[in-house]
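Undergrad: Residue numbers (the working numbering), protein chains in the order written: chain A, 1 to 357; chain B, 1 to 423.
Honestly, the hints are just simulated from the structure, not real lab data.
Check each hint, because a few of them may be wrong.
[As the list claims (entries may be wrong)] So, partial list: chain A residues that the calculated Cβ filter (under 10 angstroms) puts toward chain B:
no. : residue
1   : N51
2   : L52
3   : S103
4   : T105
5   : F107
6   : Q111
7   : V171
8   : T196
9   : S198
10  : F267
11  : G268
12  : E308
13  : N325
14  : L327
Virtual Cβ for every residue (Gly too), placed ideally from N, Cα, C.
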Amino acid sequence: MSEAVAGRASRKLTGIDGFLWLLRIVLIGAIAIGAFNSLVSGRLSGQDWRNLIVFGIAQGSVYALIALGYTMVYGVLRFINFAHGEVFMIGAMIGFVVADPLSRTAFWHEQTILAVLLVILAAMVASTTVALVLERVAYRPLRSAPRLVPFITAIGASFFLQYAIAGLFGVGFKSYPRVPGLTGAFEFAGFRLLKTQSLVIVVAAVAMAGLYMFIERTKAGRAIRAVSEDQETARLMGINVDRTIALVFAVGGAMAGIAGVLYGIVFGQVFFFSGFVPGIKAFTAAVLGGIGNISGAMAGGLVLGSVESVGPSLVLTGLGVPAANQLKDMVAFLTLVLVLIFRPTGILGERLAEDRV
Amino acid sequence: MKQRHWLKALALVAVLTLVGAACADDDPATGDNGTDAPTEDPLGTVTIESGGAIEIAVLQSITGDTASLGTDQVRGTEVAVDDRGGELLGHPIELTVEDDGCDATVGTTAAQSIVSNPQILGILGSSCSGAAVPAAEIMSEAGLVMISGSNTSPSLTSDLQGTAAESFQEGYFRTAHNDLIQGRAAATFAIENLGAATAATIHDGDPYTEGLATAFANAFEELGGEVTLATAVNKGDTDMRPVLTEVAATEPDLVFFPIFQPEADFIVQQAAEVGLDNTEQLMAADGVLSDTFVSIADTEGMYFSGPATPQGGEYADFVAKYEEANGEKPIQSFHAHAYDAANILFDAIESVAVDNGDGTLTIGRQALRDAVAATSGFAGLTGTLACDEFGDCAAAKIDIVQNTEALVSINEVKENVLFTFEP
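The shape of chain B in the complex, shown without the other chains (with noise of 0.2 angstroms):
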């Protein structure tokens, strides 16, 4: 009898404890860990010790079909470590990189696993919109940084015109376009030098495509045209016909579908099949910009929209510095970005850090949110960029340009221009 009421008591006190463990409140890394650092800062600060390493986690897509888009990113990173000799302010760099899967799910489980660790200063990444969505919270809520290269869904910061967007976070920056303008400047060159005046969107429910097709059909009906049908499919969808049969029977002049592969891969194969044979009615964008897309027949005429390939020496100083790394050229689009990304942040950290004189440094997170945050007039390899209030650092440039049957690799499309847009 007396053990059973003994055995209730604790019982009663481990659900207290698991309750009281529950409800207690989410402390950031607040406080210093004990040094002298005369700083303080509100979300908290990280001490480097002498001869520790500056930790910077790097999340990007490096496996599966988007892989190209992440993998490009990170040998970009890996370049501007490089650049520095590996290490800022006599600290090694050392950089954690994970799998985004451009998927929100991986994405969250990520920053999370990023997170636990209270010495990562600032992520740079993510790849897909869809995974920095949660990503970003999940950051934002933890007092670090994160810039990306290539997360181009407006939601993710604002509407250009001074109102802040769905998923805007504190801490969050990116060195990629708006795709509110993507979608201006894709609308612009069917308007103007395609002639369309009708067309129809399909998306594939993830925030970068949705956002990206919205914006393209509102610029496209601001421009005088018509959208006939804004539809959508599923990732993992590979049967298009239905779809594209509804698309079809509207008529367009022209088919934006600013969406992944395979499904992409899926659409202009069977495009064909249900009247929609004429590729040059058929735009993509920055999603599929990669060789794996354009080696396949049934994209030859097609059109592409996405940012501009820096022209200038040091983009070549840079590209050789990639190939001499890597074995070969960039393998997608963002690379110089994500190279502008990561020294935006180098030099912010460079600018906040405290050094106390024993071999250790004391870096605000406020302080580098702030530093990151003020950066105007930086000579990157993508142009000069500057930090709006909401986090869009690009300086946007769209390229329009064409897949062509002699073109054989992404970095020959890439070249074969047909429209610049520069808001």
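Bound conformation, chain A alone (with noise of 0.2 angstroms):
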């Protein structure tokens, strides 16, 4: 044993590892070189930059609450649901229906607090509907067929999703109303926020810190980290398998739905296809932060956030590329791919067969 251990740690360098050594160092170095530059050159104000990492942090915390779907049906199932984009975007939908009739009582302008609540509520409801009708239907019944097979079901899911919304309320988009008291910002330890992001930060800290709490210290939470683990051994322990998935769906689901409602009010309009890139992005945001890890989801929804917003400015700019701001969703992928080359596990690592129940 020793000695392969030992092994491993002599065997030579090869080709492939210097030039994936050299790769490191020229993406380090030009990172470096682009921050650097953007910094020193006085083009944004430190204010400036400030509000970049709250739109960051913001747009991630919403990439988060999605990625957390993601994440959690990998760790039970080893399968990537990706049809949970479109439960983000039935949230948002039905947070629509909602909130729109709604805005025009006079609830609305009174009871403000109770208001949003309710549109989030309903939309919580909503997409839990959806995840658990998804699974019972499209997953549940391929179990045990080849990995493919599902996940071909879940791209005609999202399809079917889409177009079924599109269908019902139509392919225009749909304003979400105003809330009141949601306008203007604050100062808040010398970081501008406006009152629509904190908002965002604050619902998806408190829904990721519950979750967090139901994971750990419920039984529900106990068994589904059981079923993570050792599927079949969950099951000889007396863990009702089957109950526990629907359990993991329906409360990824929850969460895409609150992360639909705050899609909504921070970027006003949502329609049939908004479920589409968020989803992509949250998906990868799970890769990045770790898959099937729930702490690395979030870390990684953060992140992806931050370096969409900020990273144009901070580096491609600094590199002299014009209009740096067109190449987003090329650096938010490109963090993806350069996360899995200097650690491919993850930011906080899988942790599927480490994190023992």
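Using the hints, put the two chains back together into the complex; each one sits in its own frame.
TA: Structural data, given as structure tokens:
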């Protein structure tokens, strides 16, 4: 045993290793030069950089909430639920359907907090229902099928949901009503926060903390962790695996529903295709943070959002790339590639096998 | 054993046939279809049989966020057809409407579908320059004629100084202005009327928006201004705050963003959050001249550049016919240009069609192109049109208008003219 370990440590550096090391040095160098140029040139003030960070965290919170759904499903089923982006979009749509008529009543203006909570609740119910139905109808029957089959089903379910919503609600953009009391900004520790952004960050933080408590401290959460670790043994221990998996989908759906309403409040407009890009970005965030790891999904979401917001201005413009903001999607996905080059298991690592219940 | 040799031989023959078919020359419909027509045309001819229809394709953006741009022009074309009683030279006019999706990929597919029909004489469209770039190439190779009522990108024709632009194609014409003129109009307004010394531009990668933003930036600097930042967003982006932060940091007097909806919606809604809260510092162009944009509260005070609304009795008659046929007034700004484009095409067909005496018509494709190219002194709704050697036929006239709180519809906004530019 120890000989094999010693052998691994002293194997020769191949050409590939050398190339990867060179690549890492070049990339770090490019990022450092770009960042240095941007910061030194004084193009953006300190307040501007802080604003960009805040935008990134707000955007990242939305990604993090959606990423939770991806990572938990992967944890229990080793399967990427590609229809999760549409679960998020449905949450946003139902949130609009409730918020729009509600905004015309006095209740909206007098009891704003309650009204917003009502909208979030409606979105959560809708998203959870869709997620549960998906699990029951599209994924459970295929649990013993080869890995590719549920994968294709997920893509098909994704298209089905997109166009079902397009058929039901039309293809036009739906504008979220303005939330009274959420206009304007305030200062906090030197950061200028828009009220909508602070709502997003606070609600997302509360939701993630709640989920973490749920997973770590409750019996149902323990069941989820057990099923992620070893499904057969969990079943032998008396855990109802089917119900646990359904619970995972439901919780992921609820998080996506909250994210949908927050997205609607921050960006103001949703339509049937709104779930596509955030879904891909959230999946990227989940992999970035370490797929299967809940804290990883949260961290990955925040990192991705921040990099997307700050990255083009910090690195690309510093390197002299014109119209850098047009490349922000490229920056986001390049970050994924970079993290995987340097740390293949993601930021917080893939702890599926190590985390004992 | 023998069977295996047989199969191999068969497979070899099949492969060679495929290779031969793929490597064969693409022949546009050449030669006439066996009638006694005396004309021979280097691009081929189209024969309309007795009682058959004159087929024209209409390639406009009729779905999605830019649907108003295309639908408005389809309706303008239909008014032109009705004005001719629905027929030309005794043959009915048949319009085939295709969606250009305001997108190069969708435009390519639509154009390929159009040219696969050898009876189609020409294309009225497209709506968006982005779709026109590939569509013009496809139709040009097939020998068709294409006249657009709303393409404005300079890359489709020329630099207005005698050099063909990169996407120029033979057989392509337009009755809408070249954006080099619109950029100059917007820049002149900014410098002379607004007194702006600095400006920033935002485009979205589309040939129209990039062409116009660049034309504005060049003209602005020629007139003595300074462009502090020329940047871009992607179609489909929703979070404009980082790019607006970059723009605001350079403190421009004017932000010119000649893009489409919904990206323009996000920009106006998020601009106030990053410090650009004076809407009189914002200016957009004809891509967003529709009710759905000016109804957004954050657009009050903004300026827009676009083609001047035609004046006069003939235009009023046109609007009355449009309203009667569609139940509402025109919804965008290029309906009159589409009407003129249709009439130029119809006049050209009438002038080159050869009546074979037996109820059939023969129309030469090159002759049709030459007839359109020779358009001069054409009295259209948008002015007196004449085509230059690169396809620009417009009587360019640009209006700068402003949206105010009192104005609700795009027609009202278009009447609030602050500045007119005519080269």
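Undergrad: Does A/Q111 pass the interface check with chain B, least Cβ-Cβ distance below 10 angstroms?
TA: The hint is violated - A/Q111 has no Cβ within 10 angstroms of chain B, the shortest such distance being about 24 angstroms.
Undergrad: With chain B as the partner, please determine if A/N325 meets the hint condition of a C-beta pair closer than 10 angstroms.
TA: Holds, because the Cβ-Cβ distance from A/N325 to chain B comes to roughly 4 angstroms (cut-off 10 angstroms).
Undergrad: Using the nearest Cβ pair, does A/F267 come within less than 10 angstroms of chain B?
TA: This hint holds: A/F267 lies near chain B, its Cβ roughly 5 angstroms from the closest one there, short of 10 angstroms.
Undergrad: Going by Cβ atoms only, is A/T105 closer than 10 angstroms to chain B?
TA: At 20 angstroms from the nearest chain B Cβ, A/T105 fails the 10 angstroms test, so the hint is violated.
Undergrad: With 10 angstroms as the cut and Cβ atoms as the points, is A/S103 at the interface with chain B?
TA: violated, 15 angstroms
Undergrad: For the hint on A/N51, does the least C-beta distance to chain B fall short of 10 angstroms?
TA: holds, 6 angstroms
Undergrad: Given A/E308 as an interface hint, is the shortest Cβ-Cβ distance to chain B below 10 angstroms?
TA: Hint on A/E308: holds, closest Cβ of chain B at ~8 angstroms, below 10 angstroms.
Undergrad: Can the hint on A/T196 be confirmed by a CB-to-CB distance to chain B that is less than 10 angstroms?
TA: holds, 8 angstroms
Undergrad: Do the numbers back the hint for A/L327, that is, is its least Cβ distance to chain B under 10 angstroms?
TA: At 8 angstroms from the nearest chain B Cβ, A/L327 passes the 10 angstroms test, so the hint holds.
Undergrad: Can A/L52 be said to touch chain B, with a Cβ gap under 10 angstroms?
TA: holds, 6 angstroms
Undergrad: Given A/V171 was flagged as interface, is its beta-carbon under 10 angstroms from a beta-carbon of chain B?
TA: holds, 7 angstroms
Undergrad: For the hint on A/F107, just tell me whether its beta-carbon gets within less than 10 angstroms of chain B.
TA: Result: violated, 23 angstroms to nearest chain B Cβ.
Violated hints, listed in ascending order, are 3, 4, 5, 6 and 9; each of the other numbered hints is respected by the structure.
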